[in-house]
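There are 2 protein chains.
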Amino acid sequence: MEKKEKLKDKASIRFKMLKRKYAEMLNNALKESKVDKQLIPFLKKVNSLDKFFTASSCAGRIILLETTTSESKKESKFIFKKHGKVSFEEIFPKIRDFDAKDKYLWFKQEPFILHIGTDTLENAKKIITAMHKAGIKRGGIMVAQEGKYIIELLGTQSLSLLVKYKDFQICENCFRKQLQIANKKLERNYRRLKLFEKEFLKVS
Amino acid sequence: MEKKEKLKDKASIRFKMLKRKYAEMLNNALKESKVDKQLIPFLKKVNSLDKFFTASSCAGRIILLETTTSESKKESKFIFKKHGKVSFEEIFPKIRDFDAKDKYLWFKQEPFILHIGTDTLENAKKIITAMHKAGIKRGGIMVAQEGKYIIELLGTQSLSLLVKYKDFQICENCFRKQLQIANKKLERNYRRLKLFEKEFLKVS
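So the protein sequences, as listed, match chains A and B.
Residue 614, in this note's numbering, is where the first sequence stops; the numbers in between run on with no holes.
Residue 614, in this note's numbering, is where the second sequence stops; the numbers in between run on with no holes.
Among the hints, erroneous ones may be present.
Since the list can't tell identical chains apart, any single copy or any two copies may satisfy a pair.
Heads up, simulated EDC-like pairs for lysine to aspartate or glutamate below, C-alpha to C-alpha not over 20 Å straight-line [said to hold, decoys possible]: (1) K558 - E532; (2) K461 - D419; (3) K504 - E582; (4) K487 - D512.
Simulated from the structure, these hints should not be mistaken for lab results.
So that you can see chain A by itself, here it is in the shape it has in the complex:
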């Protein structure tokens, strides 16, 4: 067998192993209800395709995040998390009741983040094409090995501010405004995600 063909075989084996591994991870996450409900149909669709799979993804959400003052990710903790519209009544008490003696409390609206895997550069470029067609500006190929291409796509709708630390707490009026904006941005974020889903299924 020629060297080139051997490499191709190796890449093909690598891709099959990866696809199996991520399918298993998705199945486990589904069993444990750890997947955003609105993303499930798209994730299932992608993983049913021969040449694609998904890795950890999120449709976008509104959160309250506790961190240390150095913001180390390991020590951060969700105080509130929802993949959808949030009312003042369901979130503000969480801020009011939070003990922020030596911790930061952040309010964030985070955009979608998708990770899609594929086997070749050619297929990776198809995802980039769909991304551009959907008007998504942030993203690219993060891992580029034959048999293992991982593409990350990131929404741009986001909001992030400090809401509590020591004797500082955001006032109700100001928080109401930020929440209103966050809900609006989240809606816009979901619309962009839907656009991408459509474009991706056209090229895949």
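Knowing the structure of chain A, use the given hints to seat chain B on it.
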């Protein structure tokens, strides 16, 4: 000449043209003082290398941005912009004096964004390696054609909130806190950028 060699030649010509074009754009931007001062040494260094060039990049900044309520980018306008630490005294009057009758006013601390171009997938992967070594989590290959690989790198330190709209204006106390955090995050952002510059020069 074989087909493969012809393609290689074409890619090489494409890369040389691109490198020349971006060098010219950088020179013009330098003449018009449109480049972040702290990025200049790194941009010059990258562009002096045979196989790399830079496209539009920013070291990270603190801004006040005016937008329509639909946040169309075309109609947005900088009310304040600085690539460095900002004092309450230099920014708060801009908020106070802003007429927000039918416009949003945003306060944002934006992270660095770098665009580096190179000729081959192999060299693109070197940039990704430097990115990971510097602990940068967001970024990837955005354009992948032989002779034209563009890699985007994005910092993660950011803050973004609405500070004025109609009869809403953020209160002084709350804004002071956000500004303090923004300055801290910007400092952290610059440190990460320095790390990447070091790692990139090792692999390039």
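To see whether the hints hold, each was checked on the structure:
1. K558 - E532: Both: 12 Å inside a copy, 15 Å across copies.
2. K461 - D419: within (15 Å within a copy, 31 Å between copies)
3. K504 - E582: Within. Shortest intra-copy distance 13 Å satisfies the 20 Å Cα cut-off; inter-copy 23 Å does not.
4. K487 - D512: within (14 Å within a copy, 37 Å between copies)
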